[in-house]
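Residue numbers (the numbering used here), protein chains in the order written: chain A, 1 to 129; chain B, 1 to 182.
Fair warning: there could be bad hints in the mix.
Facing chain B, according to a computed beta carbon distance under 10 Å, are these residues of chain A, among others [unchecked claim]:
no., residue
1, 11
2, 25
3, 36
4, 64
5, 67
6, 95
7, 96
8, 100
9, 118
10, 127
Each computed DSSO-like pair below joins lysine-lysine, with the alpha-carbon atoms no more than 27 Å apart [claimed, not checked]:
no., chain 1, residue 1, chain 2, residue 2
11, A, 15, A, 59
12, A, 44, A, 64
13, A, 73, A, 89
14, B, 19, B, 171
15, A, 15, B, 114
16, B, 48, A, 15
17, A, 44, A, 15
18, A, 15, B, 171
19, A, 59, A, 73
These aren't lab readings, by the way, just hints derived from the structure by calculation.
C-beta: ideal position from N, C-alpha, C; glycine also.
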Amino acid sequence: MNHSGLASLFTIADKILFFFSAALIIASYFYFWQSTPAHYAVVKSPQQNALFIDLNDPKVHNVKGHLGISTLKVHDGQIRFTASPCKNKICIQSGWHQHGGAITACLPNRISVQLTSQSSTPGYDAIIF
Amino acid sequence: MPLSSNIQKNLNRISLGHKDQLIAGFAALAITIHLLESTLPSPIPGIKPGLANLVTLYVLIRHGWSLALNVSLIRVIAASLLLGSFLSPTFAMSLAGAVASLAVLGLAWICPGKPFGPIGLSILAAMAHISAQVITAYLLFIPHASLFTLLPILLTAALISGTFGGILVSKILERTHDLTDT
Numbered sequence: 001m002n003h004s005g006l007a008s009l010f011t012i013a014d015k016i017l018f019f020f021s022a023a024l025i026i027a028s029y030f031y032f033w034q035s036t037p038a039h040y041a042v043v044k045s046p047q048q049n050a051l052f053i054d055l056n057d058p059k060v061h062n063v064k065g066h067l068g069i070s071t072l073k074v075h076d077g078q079i080r081f082t083a084s085p086c087k088n089k090i091c092i093q094s095g096w097h098q099h100g101g102a103i104t105a106c107l108p109n110r111i112s113v114q115l116t117s118q119s120s121t122p123g124y125d126a127i128i129f
Numbered sequence: 001m002p003l004s005s006n007i008q009k010n011l012n013r014i015s016l017g018h019k020d021q022l023i024a025g026f027a028a029l030a031i032t033i034h035l036l037e038s039t040l041p042s043p044i045p046g047i048k049p050g051l052a053n054l055v056t057l058y059v060l061i062r063h064g065w066s067l068a069l070n071v072s073l074i075r076v077i078a079a080s081l082l083l084g085s086f087l088s089p090t091f092a093m094s095l096a097g098a099v100a101s102l103a104v105l106g107l108a109w110i111c112p113g114k115p116f117g118p119i120g121l122s123i124l125a126a127m128a129h130i131s132a133q134v135i136t137a138y139l140l141f142i143p144h145a146s147l148f149t150l151l152p153i154l155l156t157a158a159l160i161s162g163t164f165g166g167i168l169v170s171k172i173l174e175r176t177h178d179l180t181d182t
């Protein structure tokens, strides 16, 4: 199979389609691989109902956890732990979070914060069988 | 026995035409390839060479869209029954992929002047196939936006496998050119 033989298998439309698809795919890497900003945060704690926080509404939220009250601060589309009754303060040190899909948590206080771009969470994570 | 004679009468009324034989033969071939392909290991979920779809493409070019539709749908249903995945997520995604690629192939096939050769058709089918599968997975099984992070990789694989598949079908068409009806 020589090269000219291979090229002759492509019609003009095939060639255009090939390069158009390739360009589209390259664009899709840029589009889908950039991190999307989150608009909401879902805060879960065993001590209270899940809390749905709008990240465009700068506010301080106090969330009751297993050990006590953790404080979450919302500012400029970002969220972070500012206080927590845990020992190592890893949650506070993890700093601001703003990307969709990001998760932060205070494990000792059993509070998790999941950032999402959707206004509601789906009823399930995944279905596999 | 009136009942059995009735059945016999109805059976006699079913006549297998040449088209039916073609559909049966190509569907059997496609099912075999589908089963063999399902045993291949895959580095990333969703990436497969898509060899079973090449049968659909070959049938489309040699025998037209309606025959390709029959072969493709019979393949999806029969292969899923044999693999035990009938009505499972795998089946739903397989069916969505097949329907989407058939639809795109149908549109490309009625394009005035038929500008696309086997390679173009194969690329179109592969891209439609994987896009439909990702959308189905998102809508039904994994409703998480992160799923689309996989899309560029899957589309890249679809372009590569579609191109090679098209080249393969071109070669097969060349070699079976003399056969009036396979």
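Quick rundown of the hints versus the structure:
1. The interface hint given for residue 11 of chain A is met, as the beta carbon of that residue sits about 4 Å from the closest beta carbon of chain B, less than 10 Å.
2. Here the hint on residue 25 of chain A is kept, as its CB sits about 5 Å from the closest CB of chain B, short of 10 Å.
3. Proximity of residue 36 of chain A to chain B holds as hinted, the smallest CB-CB distance being about 7 Å (cut-off 10 Å).
4. Here the hint on residue 64 of chain A is broken, as its CB sits about 28 Å from the closest CB of chain B, past 10 Å.
5. At a threshold of 10 Å, the smallest CB-CB gap from residue 67 of chain A to chain B is about 30 Å, leaving the interface hint violated.
6. Among the interface hints, the one on residue 95 of chain A is violated; its C-beta lies about 21 Å from the nearest C-beta in chain B, farther than the 10 Å criterion.
7. The criterion of a C-beta within 10 Å of any C-beta in chain B is not met by residue 96 of chain A, whose closest approach is roughly 20 Å, and the hint is violated.
8. At about 6 Å, the closest approach between the beta carbon of residue 100 of chain A and any beta carbon in chain B falls short of 10 Å, and the interface hint on this residue holds.
9. Of the supplied interface hints, the one on residue 118 of chain A holds, with its beta-carbon coming within about 7 Å of a beta-carbon of chain B, less than 10 Å.
10. Among the interface hints, the one on residue 127 of chain A holds; its C-beta lies about 4 Å from the nearest C-beta in chain B, closer than the 10 Å criterion.
11. The straight-line distance between the Cα atoms of residue 15 of chain A and residue 59 of chain A is roughly 55 Å, outside the 27 Å bound, and the hint therefore fails.
12. For the suggested pair residue 44 of chain A and residue 64 of chain A, the alpha carbons sit about 10 Å apart, so the restraint of at most 27 Å is met.
13. A hinted pair counts as satisfied when its Cα atoms are at most 27 Å apart, and residue 73 of chain A with residue 89 of chain A qualifies at roughly 15 Å.
14. Only pairs whose Cα atoms come within 27 Å are accepted, and residue 19 of chain B paired with residue 171 of chain B is accepted, the gap being roughly 24 Å.
15. Only pairs whose Cα atoms come within 27 Å are accepted, and residue 15 of chain A paired with residue 114 of chain B is accepted, the gap being roughly 14 Å.
16. For the hint linking residue 48 of chain B to residue 15 of chain A, the alpha-carbon distance of about 23 Å falls within 27 Å, and the restraint holds.
17. For the suggested pair residue 44 of chain A and residue 15 of chain A, the alpha carbons sit about 52 Å apart, so the restraint of at most 27 Å is broken.
18. Between residue 15 of chain A and residue 171 of chain B, the direct Cα distance comes to roughly 18 Å. Compliance with the 27 Å bound is thereby established for this hinted pair.
19. Taken as a hint, the residue 59 of chain A and residue 73 of chain A pair is honoured in the structure, with Cα atoms around 6 Å apart against an allowance of 27 Å.
In terms of the numbered hints stated before, the structure departs from hints 4, 5, 6, 7, 11, 17, listed from lowest to highest.
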